[in-house]
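**Q** Construct all of the structure, not just a fragment, from the sequences and the given hints.
Residues per chain, in single letters:
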Amino acid sequence: MKTLRDIWLVFLRYFGILIRNPVWVVLGVVQPVLYLVLFAPLLKSLSANPGVPAGGAYNWFVPGLLIQLGMFGAAGVGFGLIAELRGGVVERMRVTPVSRLALLLGRALRDILMLDVQAAILIVLSLPFGLKLHFDGALVVLALIALLGLLTASISYACALWLKSEDSFAPLIFTSTLPLLLLSGVLLPLTLAPPWLRNIAAFNPLSYAVDAARAVFNDHLTDVSVEKGVLISAVLALVAVALAVRSFGRALA
Amino acid sequence: MNEAKAVIETRGLRRVFKTRKETVEAVAGVDLKVWGGEVFGFLGPNGAGKTTTLRMLSTLLPPSGGEATVAGCDLLRQPQQVRERIGYVGQRGGSDPQVTGRTELVFQGRLYAMPKRAAQDRAAELLRVLELEDCADRPTSTYSGGQRRRLEIGIGLMHGPSLLFLDEPTTGLDPQSRARLWEEVRRLRKGGTTVFLTTHYLEEADALCDRLAIIDHGKIVAEGSPDELKRQVAGDVVVVGVGGDGRDALELFQRQPFVREAGAGDADGTIRLYVERGESAMPAILRLLDGAGLELKTISLTRPSLDDVFLRQTGRSLREVAA
Chain A
1 MKTLRDIWLV FLRYFGILIR NPVWVVLGVV QPVLYLVLFA PLLKSLSANP GVPAGGAYNW
61 FVPGLLIQLG MFGAAGVGFG LIAELRGGVV ERMRVTPVSR LALLLGRALR DILMLDVQAA
121 ILIVLSLPFG LKLHFDGALV VLALIALLGL LTASISYACA LWLKSEDSFA PLIFTSTLPL
181 LLLSGVLLPL TLAPPWLRNI AAFNPLSYAV DAARAVFNDH LTDVSVEKGV LISAVLALVA
241 VALAVRSFGR ALA
Chain B
1 MNEAKAVIET RGLRRVFKTR KETVEAVAGV DLKVWGGEVF GFLGPNGAGK TTTLRMLSTL
61 LPPSGGEATV AGCDLLRQPQ QVRERIGYVG QRGGSDPQVT GRTELVFQGR LYAMPKRAAQ
121 DRAAELLRVL ELEDCADRPT STYSGGQRRR LEIGIGLMHG PSLLFLDEPT TGLDPQSRAR
181 LWEEVRRLRK GGTTVFLTTH YLEEADALCD RLAIIDHGKI VAEGSPDELK RQVAGDVVVV
241 GVGGDGRDAL ELFQRQPFVR EAGAGDADGT IRLYVERGES AMPAILRLLD GAGLELKTIS
301 LTRPSLDDVF LRQTGRSLRE VAA
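Protein sequence lines, in the order shown, are assigned to chains A and B. Residue 186 in my numbering sits at position 186 of the first sequence, with consecutive numbering throughout. Residue 231 in my numbering sits at position 231 of the second sequence, with consecutive numbering throughout.
Calculated directly from the structure, the hints in this document are not laboratory data. A quick note: this is a predicted structure, and the numbers were derived from the prediction, not measured. Note that the Cβ used here is the ideal one computed from N, Cα and C, for glycine as well. Treat the hints with care, since some could be wrong.
[To be verified] Taking CB as the label site, the calculated pair distances span: (1) Arg77(B) to Arg86(A): 27 to 33 angstroms; (2) Arg20(B) to Leu182(A): 30 to 36 angstroms; (3) Arg86(A) to Asn46(B): 17 to 23 angstroms.
[Claimed, not checked] The calculated SDA-like cross-link candidates involving lysine to any residue, where the alpha carbons are at most 20 angstroms apart (straight line), are: (4) Lys18(B) to Pro62(B); (5) Lys18(B) to Ala28(B); (6) Lys190(B) to Glu125(B); (7) Lys2(A) to Ala113(B); (8) Lys164(A) to Phe17(B); (9) Lys33(B) to Glu9(B); (10) Lys230(B) to Gly315(B); (11) Lys228(A) to Asn204(A); (12) Lys116(B) to Thr3(A); (13) Lys116(B) to Phe15(A); (14) Lys190(B) to Ala6(B); (15) Lys116(B) to Leu12(A); (16) Lys2(A) to Tyr112(B); (17) Lys18(B) to Trp162(A); (18) Lys21(B) to Leu163(A); (19) Lys18(B) to Ser247(A); (20) Lys116(B) to Met1(A); (21) Lys230(B) to Gln313(B); (22) Lys116(B) to Leu4(A); (23) Lys219(B) to His200(B); (24) Lys230(B) to Arg277(B).
**A** Following this line, the structure appears as structure tokens:
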């Protein structure tokens, strides 16, 4: 009970800070929209090629874009935490009896809410391009994005608490996200990839989430890839949360 | 106010930091007693172990060894109960520049499970007492250094703790804000709150603290009230300024039986002499310098300061170390 109350308190604080600075919400939507407008048209001419899945370029590309948003949209949240560490804000909260789980989840829930709002905007904006919307499917994808957001936000917060400085945090984030993105099949289908590349990609948890989102948008809600994607994301998110809560418990700054 | 009861008691408190290259013992066995209702100061140069000790006592940092009771609870076994009873204001403050002062206070109260209404009332009360009503609803990024400090002390006081930790509360403040803050600490003391503060300002320790401990290299080197400590350095201090580098004069004074101790002073070419009675020593000093053909530039007589205590215990002047 106390933990839930604490999570709610911490969430409200960070939601309040976000609302007063909505520019971040907008910036988070701009990037996927650029992909939608400046990159997706290229895929249209590709769709005739063998190896490119059926179902139309947008129904194939937008789910991947949504998963990308879920996975990387929260990667930078650690920057804010580093600023808080420097200002003594984290220390001040840790000296109170507040639940350590709440210190993480309150922040992460704010991040997840932002991601889902951005995802909903992206789905609506994709409709004129020919995305076919399935309401149940959209809910599943939003849940999947929430899990991925929880995963990435937790890792980002844990790394921030561990490194404590933007100078080492920024390169870590940028160098780790790029290979994950390239090996996820978001930009081009991995069915086009040579076998060795496909084998490496099989280790990328993100590719399962992408498969799941695509199955959902192409009306295969009961496909086994959906369960697989959700399950893998959920397990990873749980591990990341446990890791990050530990870091909040003993952060030295 | 219960003066007979120890609010903080530590036995052999230690903290070791390990880096890849070396192991540093930041706090090397500290035994302390802080009594209820007093203002207790931790005086020492930067890196002496003041903040590390404070962070251990406020549950932020697990000790490497030793035991402590804080506010009646065992630090190692009941950290959650300790947290409920203490307030802590860190060196870095802890207010968010984007958030208003009032919001920070109410949020802090809610973290201690205060009902919303009670937290709002308490915040309003603190804003009034700390004279922050005018800027209460502005983001703290607009606050002056003194205003932000006062707000942060208010944050530490929201839940009405009986023990408040202040880590270098006046570092970086202008003299006026510092005086205003001292006033606040004295007011807390009057209200029965025990205050444990760290400082590297001698004047602050002297003016504010009922008792203090001098810490250097992780160890307590002296403990007592400012007057007690100064009495340990019995007698008077004569500061003599001579021409040249003063080395000849220093050697000359060190040979004299009436000079208990002689050492270099703060400024170049000055010598600090510890003597039994200043007024009888001064003519002798003048005669000595005259006889040796050394030029006298200045001479003054002072009572011992806490710096003299520090100098005696550590062989260094705190003014030099802190500079």
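**Q** Could you work out which of the previously given hints the structure breaks and list their numbers from low to high?
**A** Of the numbered hints, all hold.
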